[in-house]
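Letter by letter, the chains look like this.
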Amino acid sequence: MNNKEKYDQAFIESFSVEADALNENLTYQSIAEWDSVGHMGLIAALEDAFDIMMDTEDIIEFGSYTIGIDIMKKYKVEI
Amino acid sequence: MDKLTLNCRELQEYQPNRYPFLMIDHVDEVVPGQYAKGYKNLTNNEWYFPVHFPEGPNMPGALQLEALAQMLTVAITTLPGLKGKVTHALQHTVRFKREVLPGEKLDISCEVLSWKRGICKGKGIASVNGEPACEAEMMITIPEILEEFLPKAKGK
Chain A
979 MNNKEKYDQA FIESFSVEAD ALNENLTYQS IAEWDSVGHM GLIAALEDAF DIMMDTEDII
1039 EFGSYTIGID IMKKYKVEI
Chain B
104 MDKLTLNCRE LQEYQPNRYP FLMIDHVDEV VPGQYAKGYK NLTNNEWYFP VHFPEGPNMP
164 GALQLEALAQ MLTVAITTLP GLKGKVTHAL QHTVRFKREV LPGEKLDISC EVLSWKRGIC
224 KGKGIASVNG EPACEAEMMI TIPEILEEFL PKAKGK
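Residue numbers (the numbering used here), protein chains in the order written: chain A, 979 to 1057; chain B, 104 to 259.
Isolated chain A (complex conformation) (with noise of 0.2 Å):
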């Protein structure tokens, strides 16, 4: 599995949505499943994937599936 299928795999697993809902629309609470805890699921399932630690700035930062793909390239991660 390639970066971008094991970043869209966390999204998909963490908020059951289809890959076709991946796009610059899928933000912070936008959909039901992106709440609070959902955030943390996520993020927690990205720093599994990828094997790191994301720092506090960047996870509150996280605010969309786009702005995700610029935070992770800080953490030497291309999508």
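Simulated from the structure, these hints should not be mistaken for laboratory data. Do not take every clue at face value.
Claimed, not checked - Which residues of chain A face chain B? A few of them, derived with a C-beta cut under 7 Å, are:
1) Ser-1014
2) His-1017
3) Met-1018
4) Ile-1047
5) Met-1050
As the list claims (entries may be wrong) - Quick list of in silico lysine to any residue cross-link-like pairs, SDA-like style, CA-CA up to 25 Å:
6) B/Lys-224 <-> A/Gly-1019
7) A/Lys-1052 <-> A/Asn-1001
8) A/Lys-1054 <-> A/Thr-1005
9) B/Lys-255 <-> A/Met-979
10) B/Lys-255 <-> A/Asn-980
11) B/Lys-224 <-> A/Glu-1025
12) B/Lys-188 <-> B/Glu-251
13) B/Lys-219 <-> B/Glu-247
14) A/Lys-984 <-> A/Val-1055
15) B/Lys-255 <-> A/Asp-1013
16) B/Lys-219 <-> A/Gly-1016
17) A/Lys-1052 <-> A/Gly-1019
18) A/Lys-982 <-> A/Val-995
19) B/Lys-224 <-> A/Ala-1027
Claimed, not checked - A few chain A residues that don't get close to chain B, going by computed Cβ distances all over 10 Å:
20) Lys-984
21) Ala-1023
22) Glu-1056
Quantities reported herein were computed from a predicted structural model and do not represent experimental measurements. Ideal Cβ placement from N, Cα and C applies to all residues, glycine included.
Following the hints, put chain B in place on chain A, whose structure we already have.
Positioned in the frame of chain A, the structure of chain B alone reads:
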């Protein structure tokens, strides 16, 4: 961390619930961040027995679950800096196995499975004379901490 024992007054420093909703009497042993175990003694004077039920008093299942959640809370709020913090339930899965009756002692044991960024996942079992009465998988949060990690604006 060191083991602690908390009597009925001490535990209230770590558990903000009060009468009539404090569902633990004593914490026999707690290792902060790992586990907590103790008990609740049920007398005929418990406020819920006259109404649940007049002809067959037993401890409401929701309150058994609350007892487990309160004990799990103690396992977290005894960590440094968390004394007295309020916790909220996020998600519980529970199974009840027997009635808990007036005069019985409910032994309560909870284990922390994970504690990260304000969310605690744990499991617990409440039993009477070694016989399981209630088992639960629980997720609780300290909102004050959780909120520190959330994106600030919707639709960012």
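Hints, verified against the model:
1. Checking A/Ser-1014 against chain B by beta carbon gives a least distance of about 5 Å; that is within 7 Å, so the hint holds.
2. Taken as an interface hint, A/His-1017 checks out: its beta carbon lies about 6 Å from the nearest beta carbon of chain B, inside 7 Å.
3. For A/Met-1018, the suggested interface contact is upheld, since its CB lies about 5 Å from the closest CB of chain B, less than 7 Å.
4. Here the hint on A/Ile-1047 is broken, as its CB sits about 14 Å from the closest CB of chain B, past 7 Å.
5. The restraint placing A/Met-1050 at the interface with chain B is violated, with a minimum CB-CB distance near 16 Å, outside the 7 Å limit.
6. Taking the CA atoms of B/Lys-224 and A/Gly-1019, the gap is near 12 Å; set against the 25 Å cutoff, the hint holds.
7. For the hint linking A/Lys-1052 to A/Asn-1001, the alpha-carbon distance of about 20 Å falls within 25 Å, and the restraint holds.
8. This hinted pair checks out: A/Lys-1054 and A/Thr-1005 have alpha carbons roughly 23 Å apart, not beyond 25 Å.
9. Distance check on the hinted pair: B/Lys-255 and A/Met-979 sit about 32 Å apart at the alpha-carbon level, beyond 25 Å; violated.
10. Distance restraint check for B/Lys-255 and A/Asn-980: the Cα-Cα separation of roughly 30 Å exceeds the 25 Å cut-off, and the hinted pair is therefore not satisfied.
11. Proposed proximity of B/Lys-224 and A/Glu-1025 is supported: the alpha carbons are some 17 Å apart, at most 25 Å.
12. Straight-line distance between C-alpha atoms of B/Lys-188 and B/Glu-251 comes to about 15 Å, which keeps the hinted pair within the 25 Å bound.
13. Restraint check for B/Lys-219 and B/Glu-247: the C-alpha separation of about 13 Å stays at or below 25 Å, so the hint holds.
14. Distance check on the hinted pair: A/Lys-984 and A/Val-1055 sit about 11 Å apart at the alpha-carbon level, within 25 Å; holds.
15. Only pairs whose Cα atoms come within 25 Å are accepted, and B/Lys-255 paired with A/Asp-1013 is accepted, the gap being roughly 12 Å.
16. Restraint check for B/Lys-219 and A/Gly-1016: satisfied, since their Cα atoms lie roughly 14 Å apart, inside the 25 Å limit.
17. Proximity of A/Lys-1052 to A/Gly-1019 is assessed by CA-CA distance (about 20 Å); at most 25 Å being required, the pair is judged to hold.
18. Taking the CA atoms of A/Lys-982 and A/Val-995, the gap is near 16 Å; set against the 25 Å cutoff, the hint holds.
19. Annotation: proposed proximity of B/Lys-224 to A/Ala-1027 holds, straight-line Cα distance about 20 Å (limit 25 Å).
20. No beta-carbon of chain B comes within 10 Å of the beta-carbon of A/Lys-984; the shortest separation is about 20 Å.
21. Every beta carbon of chain B lies more than 10 Å from that of A/Ala-1023, the smallest distance being close to 13 Å; the non-interface claim holds.
22. Every beta carbon of chain B lies more than 10 Å from that of A/Glu-1056, the smallest distance being close to 22 Å; the non-interface claim holds.
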